[in-house]
Amino acid sequence: AQTVTQSQPEMSVQEAETVTLSCTYDTSESDYYLFWYKQPPSRQMILVIRQEAYKQQNATENRFSVNFQKAAKSFSLKISDSQLGDAAMYFCAYRSPGANSKLTFGKGITLSVRP
Amino acid sequence: GAGVSQSPRYKVAKRGQDVALRCDPISGHVSLFWYQQALGQGPEFLTYFQNEAQLDKSGLPSDRFFAERPEGSVSTLKIQRTQQEDSAVYLCASSLGQGWPGYTFGSGTRLTVV
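Just so you know, the sequences run in chain order U and W.
Plus 304 on top of the position in the first sequence (first one is 1) and you've got our numbering.
Plus 17 on top of the position in the second sequence (first one is 1) and you've got our numbering.
Hint data in this document are derived by calculation from the structure and do not stem from the laboratory.
Source: prediction; values computed, not measured.
Ideal Cβ placement from N, Cα and C applies to all residues, glycine included.
Check each hint, because a few of them may be wrong.
Label pairs and their computed distance ranges (CB to CB) [to be verified]:
{"no.": "1", "chain 1": "U", "residue 1": "Asn404", "chain 2": "W", "residue 2": "Phe83", "range": "38 to 48 Å"}
{"no.": "2", "chain 1": "U", "residue 1": "Gln373", "chain 2": "W", "residue 2": "Leu56", "range": "36 to 46 Å"}
{"no.": "3", "chain 1": "W", "residue 1": "Asn68", "chain 2": "U", "residue 2": "Met315", "range": "36 to 46 Å"}
{"no.": "4", "chain 1": "U", "residue 1": "Gln387", "chain 2": "W", "residue 2": "Leu56", "range": "43 to 53 Å"}
{"no.": "5", "chain 1": "W", "residue 1": "Glu69", "chain 2": "U", "residue 2": "Glu319", "range": "41 to 51 Å"}
{"no.": "6", "chain 1": "W", "residue 1": "Ser75", "chain 2": "U", "residue 2": "Thr309", "range": "15 to 25 Å"}
{"no.": "7", "chain 1": "W", "residue 1": "Ala37", "chain 2": "U", "residue 2": "Gln318", "range": "44 to 54 Å"}
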C-alpha cells in the first residue's frame, strides 16, 4: 500500500518570501500521480499542482512549483512571493493510474503567512 | 452544476441517530468518491462509484456506513446509529473517470455527534 508522509505540522512565512513544504511517499509502482491540494477554512480541497511520475520536468503553476525527486520519493512544493491568501492547510496526495484509483493523502501542513 | 455540491454543510446528530449526507457531482462526471476527514488529519478514502456501480467500499469503517448512487448522479452517504468517533468532515469528489487524474471536491459536510 502507498503511504504519504508530511512531517512538518506547521510552517510560517513572511509575505512576499518563499517557502517550501516537504512531502515524501512510499510506493512500489513506477507510474503514478502526485498532487498538492490547498484546503482553506471553507473546507473545499483546491488543486494547486499535479505531477505525473513519468515526466522528468518539474511542474509549475504560476507562483507554485514542485521539486520531484522520483528516486528519493520526494515531492516538495515551493511557493514564491507568498501572499496572505496562501494561508491554509496543504495536503500532499498520491494516486495510482487507473480510473478506480483513490487519493492517498498525507496529514497536511498548516501554512501561515505573516504580513 | 458548476461544482460539486454537498448538503447539509453542517449536521449535528445525537448519538444513535441515523444521518444522510448528500453529494451532487458535476454533471457528466462518471467517478464519485467519498472521503472522511477527522479533525487535523488528511482525508481518508471511504468508497468509490463509477456511474451507479459501487466498485470499491473497502474504506467504509463499519457496516453502519452505507453509500448509494442509484441513477449514477447524486450520491448519498448514510450512517446508522451514529457514534462520537463518526464526527468528521465528509468530503465528496467527482471526476470524468477513464483514468482522468483530476478531481473536483465539494466543501464537505461537517458532522458532529453529541
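Now for the hints, and whether the structure bears them out:
Judged by the Cβ atoms, the range 38 to 48 Å given for Asn404/U and Phe83/W is violated: they are separated by roughly 20 Å. A hinted range of 36 to 46 Å for the beta carbons of Gln373/U and Leu56/W is inconsistent with their spacing of about 32 Å. Judged by the Cβ atoms, the range 36 to 46 Å given for Asn68/W and Met315/U holds: they are separated by roughly 41 Å. The hinted window of 43 to 53 Å between Gln387/U and Leu56/W is violated, with their beta carbons roughly 27 Å apart.
Taken as a hint, the range 41 to 51 Å holds for the pair Glu69/W and Glu319/U, whose Cβ atoms sit roughly 48 Å apart. Between Ser75/W and Thr309/U the Cβ separation comes to about 22 Å, which falls inside the hinted range of 15 to 25 Å. Ala37/W and Gln318/U have their C-beta atoms about 46 Å apart, which keeps the hinted 44 to 54 Å range intact.
Of the numbered hints listed earlier, those contradicted by the structure are 1, 2 and 4.
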